[in-house]
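Build the complex: two chains, separate frames, hints provided.
The listed protein sequences derive, respectively, from chains H and R.
In terms of full-length UniProt numbering, the first sequence opens at residue 1 and continues consecutively.
In terms of full-length UniProt numbering, the second sequence opens at residue 1 and continues consecutively.
It cannot be assumed that every hint is accurate.
Said to hold, decoys possible - Stretch-level coverage of chain H by chain R, calculated; a stretch enters the list once three of its residues show a Cβ under 8 Å from a Cβ in chain R:
#	stretch
1	57-63
2	106-119
3	130-144
4	210-223
Claimed, not checked - Simulated crosslink set (DSS-like; lysine-lysine; CA at most 30 Å straight-line):
#	chain 1	residue 1	chain 2	residue 2
5	R	Lys-252	H	Lys-440
6	H	Lys-198	H	Lys-154
7	R	Lys-419	H	Lys-440
8	H	Lys-273	H	Lys-223
Don't read these hints as lab results, they were simulated from the structure.
A virtual CB, placed ideally from N, CA and C, is assigned to each residue, including glycine.
The primary structure of each chain is shown beneath.
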Amino acid sequence: MSLEMFSVLLTDKACGFHSDLTLKMVSNIPWSVLTFAWWLTVHSWFAWSCPDSCDCFRRVKIFCTSSAIKEVPSNISVTVTELVFLETHIGTIGNTTFMGKDRLKKLVFISNQIKSIDVGALHWFPKLTDLEITANPLSEIHPGTFDNLPELLKLTVTFNYIEELPCELLQKTQNLQILILQGNNISALCSEMFSSIKNLVELSLDSNGIMHLPVDLFKPLQKLRVLKLSNNKLSKLPPGIFDCLKELSELYLNGNGLTTIPGHTFEKLTSLKKLMLMSNSIKMLSDGIFSALVNLTILRLDWNRLEYLPFGIFNETTSLHILSINGNRLQAIPEGIFSRLHHVKKLDLCSNLLEKLQNSTFQGLHSLTHLHLDNNNLTFIENNVFKDLNDLKMLTLHHNNLTTILDGTFDPLFNVASLVLHSNPWLCDCSFMYLLKWIKENSDFTQVSEMQCEKPQHLKEKALSLLRKQDLSCPTNTRIHVPDIPSTNDQRVMKNAPLSPCYLTTNGDLHLTCKVNVCKSMRIHVSLQRESNTTTFVRDFGNFQPHCTDVIFNITIN
Amino acid sequence: MALGLWSFLQLFLLCEVAASLSFFHHRYDDLVRALYNVQNQCPYITRVYSIGRSVQGRHLYVIEFSDNPGIHELLEPEFKYVGNMHGNEVLGRELLIQLAEFLCEEYRNNNERVTRLIQTTRIHILPSMNPDGYEVAADQGPEGNGYLTGRYNYRQVDLNRNFPDLNTVMYYNEKYGGPNHHLPLPDNWMAQVEPETQAMIQWLKNYNFVLSANLHGGAVVANYPYDKSKEIRMRGFTRSTYSSTPDDALFKELAKTYSYAHGWMHTGYNCDDFFYEGITNGASWYSLYKGMQDFNYLHTNCFEITLELSCDKFPREEELEQEWNGNREALLTYIDKVHQGIKGMITDENGNGIANAVISISEIAHDVTSGIGGDYFRLLLPGTYEVTASAEGYYFKTVSATVGPADATLVHFQLKQQKATIESRFLNQNNKNYIRKVVPRAANKRRSS
Ligand SMILES: [Zn+2]
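Chain R with its partners taken away, still in its complex shape (with noise of 0.2 Å):
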């Protein structure tokens, strides 16, 4: 019996009160001390790990919560939250430490939802990407911080200005033809960018991460894809305007999700700033370019937004706790929501897994892929849908499924060899599978409409 727990476990949590947190800002080796604080406390549902360093030697600390940390089970989502990318925006980085003593500590109190979050996913919290950025802000503290001061990484590089930009290709690709998602880097790509900026790609090449949030300040609204806009000329100028991504819907209900979740961002008005249900496109808020929120879109199989959660980059200690309990239920709730839509196994006739097989959603130009073990997962709304699996060299199968508003439904694809693979790759060019494998989603689009 399906029991659609999953909605309506989300006020579970209201107003208990977390027990014995400690509201301060933590600087580095506090932060430190934290996180293993944390693994120490919960070691059989934790692991702490670095993705690299920062230009100054800092480390670039992780903290994975999991049934079984180190390792990804099959059918289990990956989740990521990532704080502190801007050095002075550093309520992302507190609340991400909260939130991991939270959940060690609650999962310690045999808490119902904790306990089956933990168990049934993958969570790896990053509470800061800029740990030096932040050094500077916090030796300025809270009282005049000032806007800048401590934003750049230590060679003054806007860590969110810094990923290779896949807009500009897949804008060109939409026009002229060519993939609009998993894009590839270009060959050069580790030199162009941050020490910071190289850890957070490679972290997203060796995990399959499914949905993640990206934490900052300034503002309080949950900010979804795309960031860049097209750059419409009108007369001379350029104006900022909404851009769409293909899963425009879904991320709207995700961000949807923080808001509504969160004490008082779906009320709109904050920092005398007022979006519509707390919610907006990147784009049409304004444009970035090289962000790493459509980085994740355009490379990876990672659905991503940014949220800006406080006025005051820099909040007093004093306010941090108000801050914790406004966002403690809208951090857990957005991390269910990687429980959303399809996911399934992708294996041959021998039941092994394949990997980078091509899971396609009919009338979403978005594809995602495969994870090493033939593993998928692809958030979608509840709704009924056509899903397409294909993978060199199989053939393609296609079915349709219903997603509700619970967990996953589960569609597996058992894909065919194909009897010649090699030569097919060289003749068989009319074999329409080979085609839909090889001619990308957007030019398939384009050349329909």
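In isolation and in its complexed conformation, chain H is listed as follows (with noise of 0.2 Å):
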């Protein structure tokens, strides 16, 4: 046997492969081995075969996929560079199995009954690429199982029992660009876990029970650029644990129970597109927590439990597409939060407490498309906040508070096709005008959920597509002349002359128009009874002019 040794050092540096490790190169396939395989591969060109119950494809790729299988069939051909073994029930690899098998570049075993494999079971693979153990009930994995796969890219062990894994098992695999470890039950990693693994570009460490992660478990992966945290038990992140992973994507830290995020742990991403940190317990989040991360686009905060967000904390995330902070217990935006988040093209508060929307809360969100605001206490929106959403197609305010929409609210919507309203209290009266105009005005463009009002009693439950402007109780906005008016006497008193078109706004403002001919003077009397108060204003009017005129009066009393 043959054995190699040889030992690496590499000077110490901030970020990288930082321990003086020896390495052992080990090649222990002993020449008569070889000599037999090679006399295999010739042998099976005359003798080929394909194995029972498996569906063979071009004498290259062999697919297992019977309960019937009970273990690797001993007559695979060695010329084979796809094996695929899928609901067998194949109980353990031992070390000869695959023997000889070394063209193989995929190997698969999915929902197999495998427990254990032998620590050499895999080393006759120079040329393996691709390796995955899935849903099996393997529950260990012994060091040096991988170590003569130099040519292995992607390792898949996932769904399977694994509680741990040893520290070098990764030593070797030198040029593995992914690896997935989803769905073990892995609870701890040590710190050189991927010291050797440099290359790696995406890695998957979802659904595990981790609770910890050693400071300097990521330094050597300076390529990384898709990290899996998500559905772990992770309670707090080590200080500057991210910060050697200048190439990442994406990182997913969701399903944790992280209740605060140290404020620097994302200071070096400058690389970072995606973040997700939802259903976690985060109740704050520090002013400049997202500060470095110019490039990131999709941000999800959602169903964590924060209360309030710091004024400054999207001032340079300017990249944003998506920001997603639904299930929250916000109650209050602070005004301008989002002004700097030009590129925004949704924005989801949804299931928060927010009560209020002010005018300044959207401003400077000129690209939003969507923004959902459903299932919150709202229960008054300015006029104003919605005129930077030239953009925004769909809104969605049901399962809130409103009782009505103030005029000009939807005005600057010039796009929305969407606008879910219903489950509010509305009330029907007259400061419903607006919404009701608006909305039969764009029924053509714009699809608007069914709506019932709350008040006043009357109307209750009748739904908003078979109200009509008359059901509002409101006078007609219409300009009534008032005729014969006569000029002679300027004393005259104008009885029930402009009563029709007075009319209350939803501001609370009384207001009366009437034309009058006037030649001389007129002396204006409001009187306000209410009970037993009465209060009287009066106002004078002169015309100056050589003759009569006509005269249109606009009353406001507010």
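Written as structure tokens, this is what we have:
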């Protein structure tokens, strides 16, 4: 048995591989075996047969998918390059099971009964690039199992029962680019677990039971682009844990138990495009936590416990396209907090405790197409709140406490295609006229959800689609010419004249309009009678023209 | 309170970026791994099963999404997507893999819409109906992929010309009397069709599908039945002509649902061709016979349309993400459509479900039948309909039902057993109910017109 040994010494640097480990390059394939393998290769051309219960394609791809298969068939040709075992009852893989299959490039075990893999079982594959072991009752992988797979690019060991990985398991798979360890029971990882796989591009540790991460764990992974740590039991992140991941573009931390995130955690991740923090227990975020993330396009903070957002938190994340903060406990949005997010297309603030929206709340969100505000406690929306949202396509406001929409509120929404307003206690009185008109005028372009009146009592549960303008008990706002006011007696009382054109606006202003022919002067008396109190306003108007003239009066009482 | 929320949800996900999707062409083993990976990630809402094998022995794997995978829950409609029936039309295959990954991922992320969809619908996804043809096409790859390389199955049969021809029977019945739906198969149908087709037909028999789409490539248009025209002979040459089903308005609406939710299909101008609103009647485009779409409508309760999704039958890998973004919303919205119309239970006086009861809509000469447990689903456009349920040995019942734009209206029927069931079959020929049961709708219609 030939045995080569050499050692590698690397200089210590802040990022990258920084321990002086001695690497053992073991080539433990006996020559006699190699010769035998060659003989098999030659021999197989003369007697090729597909193993029972397997499907063979062009003699190089073999699929074995039968519960009748209890062990790896012995007559697998050495010419095979792809080998898949799916839902078989194979229980173990022995040291010699795959002897001679040196052309194999892809080896896949999914949903078998594999409980153990001998330490040398996978040492036969100098060309193997893709290895998958998924959904097997495998609880242990021995140190050295992957030591002879120099070409391995993708390693998938998922949904098994593995609780621990040997620290040196990946020391020899130096070309590895993708490592997927999702769905095992791994609770901890050694600090130097990834020290040799410096070419790694994607790492998934999703759905394990990881509670702590060693602070140096990711230091060697300077080429890493995707890191999935979702659905573990992380309650905190060590300071500096991601500091070396300069290429990282996607980071998944959702589904952990994080309550806070240290302020500098993301400060080196200038390439980050996607940050998933949903379903944690985050209560607060520091002001500058995202300040380095100038390339971030997707930020999801849903289902946390955020009670407020610090004012400057989104000042630097100007590349954001999607910002999602639904399912938190936000009561208010600081004014202008989104004002630099000119590229955000979707903003999701559903299921918070928001009470009102101010004119400046969505200032600057010029690209916004989707705004979700449903399931809050909104009682009041200022009427200029949507003024920058000319591209908005969808707006959801259902399940709030809105009673009315102020005049002009939806006027900036030229492009809205869907407006969801149901499940609000709409007050269908004259103040509702604006919204009713808006809906009727825009119904060709906008789908509006089915709404019902809550008040007044006689309109309760009346569908908005059936509501007519005259139901709103609004006097019509048409000017009425008051005819034949005699001009001879300028003391004459104008009985009943201006009553019909009076109406009350949503702001509580009372408008009266009338047209009167005035010759000399006119005194206007307005008396407000309320129970026993009577208040009277008196205004005088003089006509300085030499002749009688028509005067239109607009009287506003507020 | 009916919220009518269903139709308004359609824009929810437009710009949501699906998490960690990998866009590459999945060979057979990649496809299998991807489906099993989804199954392992979402074990409580998914199931992977095979409906049969291709000529070369590849499995036709389906991934099912449901809150109770493997079980038909009464009143929960069954939906299916079929991809890659033509081996070289590969976009559907990739989109359906992405869809499966997306549904799982979003379900895990508590996406409200996806969760609701899975809780109310049983979704079956068959990414590849022709895995053998795909391998032939994939060996060539996107570059230099011939128009036909890999289209057929291993025995060089076009699977979309391989179903028993029921259109001819239907057109004959239309003329001379006879049913125009649930047409029986010829006795020797198994011998007539390829293994892939046989697996498909068996699948259709095993599940009471309500709505379906068959994903193709080579154009960008949503195509609805019939595909086969009545071949009008004009001075010696034949030309294709619009061939409408009794459910024409509904089919148009279904096709539009997809085209308008799709990124660009609805514009109509695609692949140097124009289709108004991105939809077309199959026969008016070009007539084909023995296709799967017409077969679904003529033999089963399922309404199927055919989606042509890309100009390039074998798009380059770099184009896949954009295609997914253009189709994702449409794929979801179309599934929603399975909830439009009426549904309900057909039961006897003791509350036991009656299977194979016939549900007819006046004015639409196409009946549906109840499933094994007695539940039925009838897709309908909003409106008011007269609905009749009848079953052998029971008195029929007619009610009026109003369909809204939102979820299906529940219309249950409890049918009274006829007193002399056995005798009535032979003696009671004048019984109106009995006549209604045995005389097919098409014949009825003919007589009355
Ligand atoms: Zn096709």
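Subject >> Hints violated by the structure (numbers, ascending) >> reply: 4 and 7
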